[in-house]
Structure formats: structure tokens, C-alpha cells
Amino acid sequence: EDQVTQSPEALRLQEGESSSLNCSYTVSGLRGLFWYRQDPGKGPEFLFTLYSAGEEKEKERLKATLTKKESFLHITAPKPEDSATYLCAVLSSNTGKLIFGQGTTLQVKP
Amino acid sequence: EPEVTQTPSHQVTQMGQEVILRCVPISNHLYFYWYRQILGQKVEFLVSFYNNEISEKSEIFDDQFSVERPDGSNFTLKIRSTKLEDSAMYFCASSSGRDGTQYFGPGTRLLVL
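Line by line, the protein sequences are chains G and R.
All residue numbers for the first sequence refer to my numbering, where the first residue is 1 and numbers rise by one.
All residue numbers for the second sequence refer to my numbering, where the first residue is 1001 and numbers rise by one.
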């Protein structure tokens, strides 16, 4: 069964303190891995798509990487406005639906 | 920048009533989806729609649920007889291709009393 697990569930950082969020997945043929940001009461906001192991994408303070079993979202020198829940989702070869992890809630304190 | 829109943003209804949630996907997208998120839980897939028919549905999407694309721009989710456990955020999403990025709307918060 396709599965996505994110860790940690919650992360508190000081402004400027870099860290990484993990997304481990088990799928029968990965067609894509997606990172979204979700603010409270809002819809998931697209950040990155990764399609193959070794691929990396960057946007401002965020960098996403992909291996055959997991993906990392690296946050460099975060700011308070980076506080949100970060969701990882996968698209497997069997289906057109996204399978989401439970998310990592990031709080960045000034 | 094109975006997915949803109406209403909030809906309160009585158990057993019918509700229709509306979505306007991104205009050149061909694949449409509904997901839901119960408070504190994962985002979970309900249904996907392509070429005017359901392409996939989850076990949650039972006979009480239906989807429709009544015209060239709207995509709706109908719940025929709401239950307390239908209370959730409902998100519409669309993508240009089967493997493409799914872009989500802001959601409709449904509360069933």
C-alpha cells in the first residue's frame, strides 16, 4: 500500500536556524513527489515537484531533494513568515490521486 | 497568476440536508479533483474527474457524493444527505496533465450540525 510519513510532526526554530524536514515514502512506482505549504485554514500552496532520484529544486530559502526512499525540505536561515505546515504528497503509478503525509508544522521564532 | 477558486468559503448545514460545493478550476486545466481534510488529519483524496467522467474515487466517495461539470468553467461536489462526519475542509484541485502538479483552491469549510 502506498504510504507517506513525515517527520518531525512539529519543529520549532529560532530565526536564522537552518534545519530539514523529512518525507519518507513507499509507493509502487513514483510518478512525482510534491511539496506544499499550508497556512491555518487555507488550501495547500504548491512549492515543488520532484520526479526522479537525485533531483533538486530551490526557491528562496527552501530546497527540496529526492532519493529513492525519501525527500528532504531544507530550510536555510528561516524567517517567522516561513511558519506553516509543510505537506509532502506522492503520485504513484497505480493512481492519479495524491497521497499526503500528515505534515510538519514549523514555527520560526524571531 | 491563475488560481483555483471555491465558493462558499464556509457552509453550515443541518444533518440530512444537501449541500453543493463549487469550484472554478484553472482555465486550461483538464483534470479536476476533490480532497477533504478533517480537522487535525491528513488531506485525503475523494475523487478525480477527466473528460466529463469520474476517473477514480476513494472508498469515502459513496453514493451520497456526486460530482459534475455543469458548464465549461465550474466543477461541483454534491453531498446528498450530510452526516456529522462530513464536517471537514473540502479542497478542489486541478492539473493540466495526469502527472502534472495539482493546484489547490482555498477550500470550503463545511460544518454539519
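No wet-lab data here; the hints were simulated from the structure.
Where is the CB? At the ideal position from N, CA and C, for every residue including glycine.
Check each hint, because a few of them may be wrong.
[Claimed, not checked] Short, incomplete list of chain R residues facing chain G, as computed with Cβ under 10 Å: (1) 1022; (2) 1024; (3) 1048; (4) 1052; (5) 1065; (6) 1066; (7) 1068; (8) 1089; (9) 1100.
[Said to hold, decoys possible] Listed next, with one range per pair, are the computed distances between beta-carbon atoms: (10) R:1099 with G:68: 13 to 21 Å; (11) G:93 with R:1003: 39 to 47 Å; (12) R:1084 with G:1: 26 to 34 Å; (13) R:1097 with G:77: 31 to 39 Å; (14) G:81 with R:1039: 21 to 29 Å; (15) R:1041 with G:80: 40 to 48 Å; (16) G:63 with R:1040: 26 to 34 Å; (17) R:1016 with G:52: 21 to 29 Å; (18) R:1071 with G:45: 38 to 46 Å; (19) G:74 with R:1050: 32 to 40 Å; (20) G:29 with R:1015: 36 to 44 Å; (21) R:1015 with G:53: 46 to 54 Å; (22) R:1005 with G:68: 46 to 54 Å; (23) G:1 with R:1050: 20 to 28 Å.
Hints, verified against the model:
For residue 1022 (chain R), the shortest C-beta to C-beta distance to chain G is roughly 15 Å, which exceeds 10 Å, and the interface hint is violated. Hint status for residue 1024 (chain R) relative to chain G: violated, with the closest Cβ pair at about 13 Å, above 10 Å. Annotation: interface hint on residue 1048 (chain R) holds; nearest CB of chain G at approximately 5 Å, less than 10 Å. For residue 1052 (chain R), the shortest C-beta to C-beta distance to chain G is roughly 16 Å, which exceeds 10 Å, and the interface hint is violated.
For the restraint placing residue 1065 (chain R) at the interface with chain G, the shortest Cβ-Cβ distance is roughly 15 Å, beyond the 10 Å limit, so the hint is violated. Taking 10 Å as the C-beta cut-off, the interface hint given for residue 1066 (chain R) is violated, the closest approach to chain G being about 18 Å. Below 10 Å, beta-carbon pairs count as interface contacts, and residue 1068 (chain R) has none with chain G, the closest being about 19 Å; its hint is therefore violated. Of the supplied interface hints, the one on residue 1089 (chain R) holds, with its beta-carbon coming within about 8 Å of a beta-carbon of chain G, less than 10 Å.
Against a cut-off of 10 Å between C-beta atoms, the interface hint on residue 1100 (chain R) holds, since the closest Cβ of chain G lies about 8 Å away. Between residue 1099 (chain R) and residue 68 (chain G) the beta carbons are some 18 Å apart, a value that agrees with the proposed interval 13 to 21 Å. Judged by the Cβ atoms, the range 39 to 47 Å given for residue 93 (chain G) and residue 1003 (chain R) is violated: they are separated by roughly 29 Å. Checking the proposed 26 to 34 Å range against residue 1084 (chain R) and residue 1 (chain G) shows it holds: the Cβ atoms sit about 28 Å from each other.
Checked against the hint of 31 to 39 Å, the C-beta distance between residue 1097 (chain R) and residue 77 (chain G) comes to roughly 35 Å, which is consistent with it. Here the CB-CB span from residue 81 (chain G) to residue 1039 (chain R) is close to 24 Å, well matched to the stated 21 to 29 Å. Between residue 1041 (chain R) and residue 80 (chain G) the CB atoms are about 26 Å apart, so this pair departs from the stated range of 40 to 48 Å. At roughly 29 Å, the beta carbons of residue 63 (chain G) and residue 1040 (chain R) sit within the given window of 26 to 34 Å.
Residue 1016 (chain R) and residue 52 (chain G) have their C-beta atoms about 49 Å apart, which leaves the hinted 21 to 29 Å range violated. Distance hint for residue 1071 (chain R) and residue 45 (chain G): a CB-CB separation of about 27 Å, inconsistent with the stated range 38 to 46 Å. A C-beta distance of roughly 35 Å is found between residue 74 (chain G) and residue 1050 (chain R), which places it inside the suggested range of 32 to 40 Å. For residue 29 (chain G) paired with residue 1015 (chain R), a C-beta distance near 41 Å keeps the hint of 36 to 44 Å intact.
The hint said 46 to 54 Å for the Cβ distance between residue 1015 (chain R) and residue 53 (chain G), and at roughly 48 Å that hint holds. One distance hint, 46 to 54 Å for the beta-carbon pair residue 1005 (chain R) and residue 68 (chain G), is violated here, with the actual separation near 37 Å. Roughly 24 Å separates the CB atoms of residue 1 (chain G) and residue 1050 (chain R), a value that falls within the hinted 20 to 28 Å.
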